[in-house]
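Can you make the complete structure from the sequences, with help from the hints?
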Amino acid sequence: MPSTDHLATLEHLDEATRTQIEAAAFRRLVGHLQWRKDAQNIDLMGLSGFCRNCISKWLRAGAGEAGVELTDADARHAIYGMPYGEWKAQHQAKASEEQKERYARTRSLHAKHDL
Numbered sequence: 001m002p003s004t005d006h007l008a009t010l011e012h013l014d015e016a017t018r019t020q021i022e023a024a025a026f027r028r029l030v031g032h033l034q035w036r037k038d039a040q041n042i043d044l045m046g047l048s049g050f051c052r053n054c055i056s057k058w059l060r061a062g063a064g065e066a067g068v069e070l071t072d073a074d075a076r077h078a079i080y081g082m083p084y085g086e087w088k089a090q091h092q093a094k095a096s097e098e099q100k101e102r103y104a105r106t107r108s109l110h111a112k113h114d115l
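Residue numbers (this note's numbering): 1 to 115.
Treat the hints as calculated values from the structure; they're not laboratory data. Values in this document were obtained by computation on a predicted structure and should not be read as measured data. From the three backbone atoms N, C-alpha and C, an ideal C-beta is built for every residue, glycine too. Take the hints with a grain of salt, since some may be wrong.
What the hints assert, rightly or not - Capping the alpha-carbon separation at 30 Å, the derived lysine-lysine pairs in DSBU-like fashion look like this:
no.	residue 1	residue 2
1	88	37
2	100	88
3	37	112
As the list claims (entries may be wrong) - If you anchor each label on the Cβ, the simulated ranges turn out as follows:
no.	residue 1	residue 2	range
4	71	111	14 to 24 Å
5	48	77	14 to 24 Å
6	10	49	39 to 49 Å
7	62	96	29 to 39 Å
8	24	70	14 to 24 Å
9	104	67	33 to 43 Å
10	17	38	30 to 40 Å
11	12	72	31 to 41 Å
Rendered as structure tokens:
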């Protein structure tokens, strides 16, 4: 996983303030992805190498590091804003051949998960 040490402009802050700022950015990212239901996970993976599922896995990993048990279903609900199956049924479109090809081409750049 890439390092976050490059956030040099935040290095001068105490850990609590930095965490508060980073958490606010995270909440805005999640809120934006909940709003942009039209942004398909397969497109996010092809363009950025991560998607909502990746974020839910990172959230779950972070919870584990903090000693908090978080199920996969609960983590996905936190990211999707609803149960994952419900989101898929309402918003996930069938992937086109172009989307599948881009996904396959960029696979080596996709996020890795420890879960």
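Quick rundown of the hints versus the structure:
1. Distance check on the hinted pair: residue 88 and residue 37 sit about 10 Å apart at the alpha-carbon level, within 30 Å; holds.
2. Between residue 100 and residue 88, the direct Cα distance comes to roughly 17 Å. Compliance with the 30 Å bound is thereby established for this hinted pair.
3. About 23 Å separates the Cα atoms of residue 37 and residue 112, which keeps this hinted pair within 30 Å; it holds.
4. Distance hint check for residue 71 and residue 111: the Cβ-Cβ separation is about 20 Å, which falls inside the suggested range of 14 to 24 Å.
5. Distance hint for residue 48 and residue 77: a CB-CB separation of about 22 Å, consistent with the stated range 14 to 24 Å.
6. Against the hinted window of 39 to 49 Å, the Cβ-Cβ separation of residue 10 and residue 49 comes to about 23 Å, which falls outside the hint.
7. Take residue 62 and residue 96: their Cβ atoms lie about 33 Å apart, and the range 29 to 39 Å holds.
8. For residue 24 paired with residue 70, a C-beta distance near 20 Å keeps the hint of 14 to 24 Å intact.
9. Remark: the range hint 33 to 43 Å for residue 104 to residue 67 is upheld by a beta-carbon distance near 38 Å.
10. Against the hinted window of 30 to 40 Å, the Cβ-Cβ separation of residue 17 and residue 38 comes to about 35 Å, which satisfies the hint.
11. One distance hint, 31 to 41 Å for the beta-carbon pair residue 12 and residue 72, holds here, with the actual separation near 37 Å.
Hint compliance for this structure: hint 6 is the single one not met.
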